[in-house]
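Asks: Make the full structure from the sequences, and use the hints.
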Amino acid sequence: MNNFEPKIVAFTCNWCSYAGADKAGMMKLKYSDDVKLIRVMCSGRVDPQFVMDAFREGADGVMILGCHPGDCHYRTGNVKAFKRYKLLKKTLAQFGINDKRLKLDWVAAGEAELFQKVVNEMAETVKELGPLHLTGNVEQGGK
Amino acid sequence: MAKPKVAFYWCASCGGCGETVVDLADKILDVVAAVDIILWPIAMDFKYKDIRAMEDGSIAVSFINGAVRTEEQKEIAELLRKKSGLVVAFGSCSSLGGIPALANLTSKKKIFERSYLKSPTVVNPEGVVPKTKSKVDGYELALPEFYESVYKLNDVIDVDYYLPGCPPTPDLIVNAVNAILEGKLPPKGAILSPDKSLCNSCDRNESKPEDVAISEIKRVIDVEIDPEKCFLAQGIICMGPATRDGCGASCINGNMPCTGCFGPTDSCKDQGAKMIGTLGAILEGDEEETIDKALDGLVDPAGTFYRYGLSASMLGSARKEEEDE
Ligand code: SF4
Ligand code: SF4
Ligand code: FES
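As you go down the protein sequences, you meet chains A and B in turn.
To convert, note that position 38 of the first sequence is 38 in the numbering used here; the numbers rise steadily by one, no gaps.
Start counting at 1 in the second sequence, then tack on 143, and there's your number in the numbering used here.
A portion of the hints provided could be inaccurate.
Claimed, not checked - Straight-line C-alpha distance at most 30 Å; calculated BS3-like pairs for lysine-lysine:
#1 B:Lys412 x A:Lys100
#2 B:Lys412 x A:Lys89
#3 A:Lys90 x B:Lys225
#4 A:Lys36 x B:Lys412
#5 A:Lys89 x B:Lys252
#6 B:Lys278 x B:Lys190
#7 B:Lys361 x A:Lys86
#8 B:Lys251 x A:Lys127
#9 B:Lys252 x A:Lys127
#10 B:Lys251 x A:Lys89
#11 B:Lys412 x A:Lys86
#12 B:Lys261 x A:Lys90
#13 B:Lys276 x A:Lys89
#14 B:Lys463 x A:Lys127
#15 A:Lys89 x A:Lys7
#16 B:Lys351 x A:Lys90
#17 B:Lys192 x B:Lys148
#18 A:Lys86 x B:Lys253
#19 A:Lys100 x B:Lys339
#20 B:Lys351 x B:Lys412
#21 B:Lys351 x B:Lys225
#22 A:Lys89 x B:Lys361
#23 A:Lys90 x B:Lys251
#24 A:Lys7 x B:Lys251
#25 A:Lys100 x B:Lys253
#26 A:Lys127 x B:Lys253
#27 A:Lys86 x B:Lys463
#28 B:Lys148 x B:Lys190
#29 A:Lys89 x B:Lys436
#30 B:Lys372 x A:Lys86
#31 B:Lys252 x A:Lys100
#32 A:Lys7 x B:Lys412
#33 A:Lys90 x B:Lys252
#34 A:Lys7 x B:Lys463
#35 B:Lys253 x A:Lys90
#36 A:Lys86 x B:Lys351
#37 A:Lys89 x B:Lys339
#38 B:Lys361 x A:Lys100
Keep in mind that the hints were calculated from the coordinates and are not lab data.
These figures come from a predicted structure and were not determined experimentally.
Replies: Structure representation (structure tokens):
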């Protein structure tokens, strides 16, 4: 058995996926407690620096959850988030970070089951991947 | 009154930073006359033992260029720190890791393999690789350790000021030296170049449309560059939005895009992430296919976004373990 408990940071949009998580809670749908939610006003608010920072500070996986295409409260925030996500993935690969450690998905406010599903799947995936172990300049000191 | 003592040192660097001091030409003569240079390996002969014999804090200022890749570089940086009142990180490598830090995308193991065993120009049937200690004819020989990653200067010692640029421009250097001589320095830790983005002082900024939208990322070798128009608007990656001002837009004036050598501004924690943010906002289309196609032209994102700044990036370097599966 794999006892590893991954740390996953999920940036969730206030208007959709965060509300979806709320609904999942009210419906008593269990989802992995390895996933820690951070509420943002829009997936477009997720600065790529947040994602890098999460990995640097020890996250084994990062999720960005936003409104379905066409449903963003700020019109195109989610589209920008998607493009940044594509760029981030391409860049993170060069740092040896597995593609599956960063995931973007769309979850609406009513989609409590979908929220439960994507979050649990991510927790499973990252659990299988194991700890990220970023060793780089993160430990400073010239060694 | 004794002249202030000044040291110049190089760690992992190309020598360009030393060259730029010489390029100060007539301006350097005033500097040379005003100070007493006690260490400058690129131009004059000095011995480390003389530096060791000096009193702590007796060097007014040490300008250290280059990144820290080896044990020797760390040792001399520490020595100069002890002997100096001020330490200035001179240039991109010292401030941010610079070009040598691109090696952080690979590992020491792979570098040794390539350089000493596998490169087509290497003949090494016995597979000899450098070791920190070896015995030859009864003598023990020592080489400085080659570190796993390339570090910026402030990873190994305390740094007072930073002069950005690959290399820093003569104007910035002269301003810094004068500020030191006149005791008119900004607060400790300051980067001695304006804290705004390069686009602010770029002549092409005017030509940038309100809503830049690019459908394809182009490489400079594949296109004829319009000498008036903003590079980003031409689909060519220009690091201007994520890069600190102060070079006088040298590359832009030579009709080449900015590659980011001045590093980020104070408010930005990661130059590459900032550029990803900017690009994400201006790429055209919303279908995955269109986006993938546009990104085809971006063959080396990490090397483009962190050309000079890997040691200063949030991730610092690639994972050293073999595969992340
Ligand atoms: S992106 Fe480059 S060319 Fe365009 S305004 Fe900024 S610095 Fe100038
Ligand atoms: S334009 Fe960019 S790359 Fe060129 S000198 Fe200025 S900061 Fe450095
Ligand atoms: S408001 Fe939900 S993604 Fe923009």
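Asks: Which numbered hints are broken by the structure, listed smallest first?
Replies: 3, 13, 19 and 21
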